[in-house]
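Colleague: Input sequences plus hints: build the corresponding full structure.
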Amino acid sequence: MNWTPLFLTFKLALITTILLVFVSIPIAWWLSETKSRLRPIIETLVSMPLVLPPTVLGFYFLLAFSPGNAFGAWLNDWLGIKLVFSFFGLVVASILYSLPFMVHPIQSGLANISTSIKEASYVMGKSKFTTLMQVMLPNIKPAMITGIVLSFAHTVGEFGVVLMIGGNIPGVTKVASIAIYDEVESMNYASANFYSLVLFVLTFSILLIVYSFNAGYVKKFWR
Amino acid sequence: MIRLDISKQLESSDGKMTLHINTSIQEGDFIMIYGESGVGKTSLLRMISGLMQPDKGSIHVKDEIWFLHQQINLSPQKRKVGFVFQDYALFPNMTVRGNIEFAMRNNDEALVDELLEFSELQNLQQRFPHQLSGGQKQRLALIRALAGKPQILLLDEPLSAVDYEMRKKLRSYIQKIHKKYHITTIMVSHDHEEIRDLGNRVIHLKKGKIEFDGLVGEFDELKTANRLFARVISFNENAITVKIGESTFTIENIEINQPLQVNDEVLIVTDLNNKTSVILSS
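As given, the protein sequences belong to chains H and C, one line each in that order.
For the first sequence, our numbering assigns the number 1 to the initial residue and increments by one for each residue that follows.
For the second sequence, our numbering assigns the number 1 to the initial residue and increments by one for each residue that follows.
Read the hints as simulated data drawn from the structure, not as lab findings.
Accuracy of the hints is not assured; some may be wrong.
Stated by the list, open to error - Below are the EDC-like pairs computed for lysine to aspartate or glutamate, each with C-alpha atoms no more than 16 Å apart in a straight line:
| hint | chain 1 | residue 1 | chain 2 | residue 2 |
| --- | --- | --- | --- | --- |
| 1 | C | Lys169 | C | Glu120 |
| 2 | H | Lys118 | C | Glu27 |
| 3 | C | Lys149 | C | Asp108 |
| 4 | C | Lys243 | C | Asp264 |
| 5 | C | Lys179 | C | Asp14 |
| 6 | C | Lys180 | C | Asp87 |
| 7 | C | Lys80 | H | Asp182 |
| 8 | C | Lys149 | C | Glu109 |
| 9 | C | Lys78 | H | Asp182 |
Stated by the list, open to error - So these bits of chain C aren't anywhere near chain H, every CB distance computed over 12 Å:
| hint | residue |
| --- | --- |
| 10 | Ile25 |
| 11 | Val84 |
| 12 | Asp87 |
| 13 | Glu117 |
| 14 | Leu154 |
| 15 | Arg196 |
| 16 | Ile244 |
| 17 | Phe249 |
| 18 | Glu255 |
All C-beta atoms in this analysis are idealised placements derived from N, C-alpha and C, irrespective of residue type, glycine included.
Modeller: Okay, structure coming up:
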């Protein structure tokens with residue numbers, strides 16, 4: 001049995017999730033604080049991947065990242081980065097594709113903290129950054145966990161975007177979801193079932209942990 | 001000395017209202033801010049602390065300018081105030097000790113110990129806020145506000161969420177704090193006993209303006225305010241059951257000076273010595 005697609009899937013999900021944490025915290029914080037008129041626009045953009053068919057996203061990534069176009073050519077010539085049909089390209093696309101799954105829980109977590117908590121910290125002379133890191137984020141652990149797990153799970157389940165921008169290169173961009181499609185196409189049901197079962201069990205376990213955590217069963221052991 | 005001359009347009013339940021405050025406060029004063037809800041008491045504290053910006057005017061504290069319209073507006077971080085919020089605003093992720101340490105501007109372990117001892121929380125210093133009782137949370141909120149060595153202590157109805165017995169205890173505790181640290185204190189309250197026990201000066205706000213500003217002893221509202229109109233349901237020698245609005249109350253140890261009948265309209269008066277008596281109205 002070939003484990004490479006599964007490894008690739010989890011490598012992609014892990015890297016994407018870690019980077020997403022750093023990308024999403026500032027966005028979620030800004031969205032929960034701002035009174036700017038730009039807010040609905042940014043919120044809409046962040047939420048787009050929830051409703052857009054992944055192939056639409058993948059198609060535009062393909063156009064934008066292609067060395068035949070200005071942006072892709074610039075990346076290629078100046079930075080030596082090739083985003084089409086490369087693992088790095090998958091990471092970039094996955095970050096954008098899973099953005100709402102990380103931003104939304106953190107944003108609502110931050111918005112739910114009573115304003116007086118934040119203000120108390122400001123009055124104590126603490127900067128906005130210190131307040132975010134030491135007061136706000138530690139108090140939204142369940143929201144953070146939800147965001148992390150959902151983003152991870154969502155990246156594991158990616159198909160359309162990956163197919164469009166990554167192609168189907170074994171060991172580089174052929175992740176489990178694509179391998180399943182591939183195996184079915186060539187009537188290789190046993191392998192397809194193997195990949196499917198692993199993904200099924202894993203996704204089930206991940207989501208079970210999240211819901212148990214948020215229901216408080218795991219909270220007792222947390223701190 | 002603190003000089004306040006600020007105005008701010010506020011949204012109240014009866015529409016727009018302009019809060020205008022022009023007064024000065026001596027160092028070490030204990031000022032009570034009194035008035036109906038929505039009159040701008042909390043907004044006043046928020047403007048002093050920098051959490052809300054006045055539309056016009058200035059705030060001077062000693063020889064510093066904290067706010068000067070369109071020129072200076074110190075951030076809350078730079079104003080040295082201690083603020084006790086109505087909901088305490090304790091940090092749930094930090095222990096009792098952690099809450100105090102976080103509130104300090106310069107690390108001073110000796111002061112942390114002193115404050116813990118003063119508030120009798122030293123045995124609970126490793127607990128988290130959710131493991132404390134209401135009174136303990138309140139004491140923590142108070143000493144935490146002192147930890148940054150503020151120039152002004154702002155208390156926003158700090159006792160409104162605790163029961164009557166606890167209020168009395170915490171009141172004497174606030175008194176002790178003021179005696180020991182002599183910090184200029186401004187406290188929002190609409191409890192007459194609290195005002196009498198704690199304040200040396202009252203500012204009564206009405207419709208956004210200062211209605212009264214003077215010594216607690218000269219504040220007429222305190223002498224007459226604890227009066228309630230009620231309808232008699234039943235009574236005996238020293239207890240009476242009355243209906244106030246839609247609710248019924250039984251008041252014991254009451255002095256009944258006049259012949260009463262069921263269904264009479266009466267006035268229930270609590271005087272300054274906490275003695276309650278019934279007067280036939282009209």
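Colleague: So, for every hint listed, does it hold in this structure?
Modeller: Hints, one by one, checked against the model:
Proposed proximity of Lys169/C and Glu120/C is supported: the alpha carbons are some 13 Å apart, at most 16 Å. Proximity of Lys118/H to Glu27/C is assessed by CA-CA distance (about 28 Å); at most 16 Å being required, the pair is judged violated. Among the hinted pairs, Lys149/C with Asp108/C is consistent with the structure: their alpha-carbon atoms are about 11 Å apart, no more than 16 Å. Taking the CA atoms of Lys243/C and Asp264/C, the gap is about 11 Å. The hint holds against a cut of 16 Å.
Taking the CA atoms of Lys179/C and Asp14/C, the gap is near 40 Å; set against the 16 Å cutoff, the hint is violated. With a C-alpha separation of about 25 Å, the suggested pairing of Lys180/C with Asp87/C is violated against the 16 Å cut-off. Annotation: proposed proximity of Lys80/C to Asp182/H is violated, straight-line Cα distance about 66 Å (limit 16 Å). For the given pair, Lys149/C sits about 13 Å from Glu109/C by alpha-carbon distance, which is consistent with the 16 Å threshold.
Straight-line distance between C-alpha atoms of Lys78/C and Asp182/H comes to about 63 Å, which puts the hinted pair past the 16 Å bound. Residue-level check passed: Ile25/C sits 18 Å from the nearest beta carbon of chain H, beyond 12 Å. With a least CB separation of 9 Å from chain H, Val84/C falls inside the 12 Å interface cut-off, contrary to its annotation. Distance to chain H contradicts Asp87/C as a non-interface residue, since its nearest Cβ pair spans about 6 Å, not more than 12 Å.
Taking the minimum C-beta to C-beta distance to chain H, about 21 Å, the non-interface status of Glu117/C holds against the 12 Å cut. The Cβ of Leu154/C sits about 9 Å from the closest Cβ of chain H, inside the 12 Å cut-off, so the non-interface label is violated. Every CB of chain H lies more than 12 Å from the CB of Arg196/C, the least distance being 28 Å, so the non-interface label holds. Every beta carbon of chain H lies more than 12 Å from that of Ile244/C, the smallest distance being close to 33 Å; the non-interface claim holds.
Consistency note on Phe249/C: stated as away from chain H, and its beta-carbon is indeed over 12 Å from all of that chain's, at 33 Å minimum. Every C-beta of chain H lies more than 12 Å from that of Glu255/C, the closest at about 43 Å, which supports listing it as non-interface.
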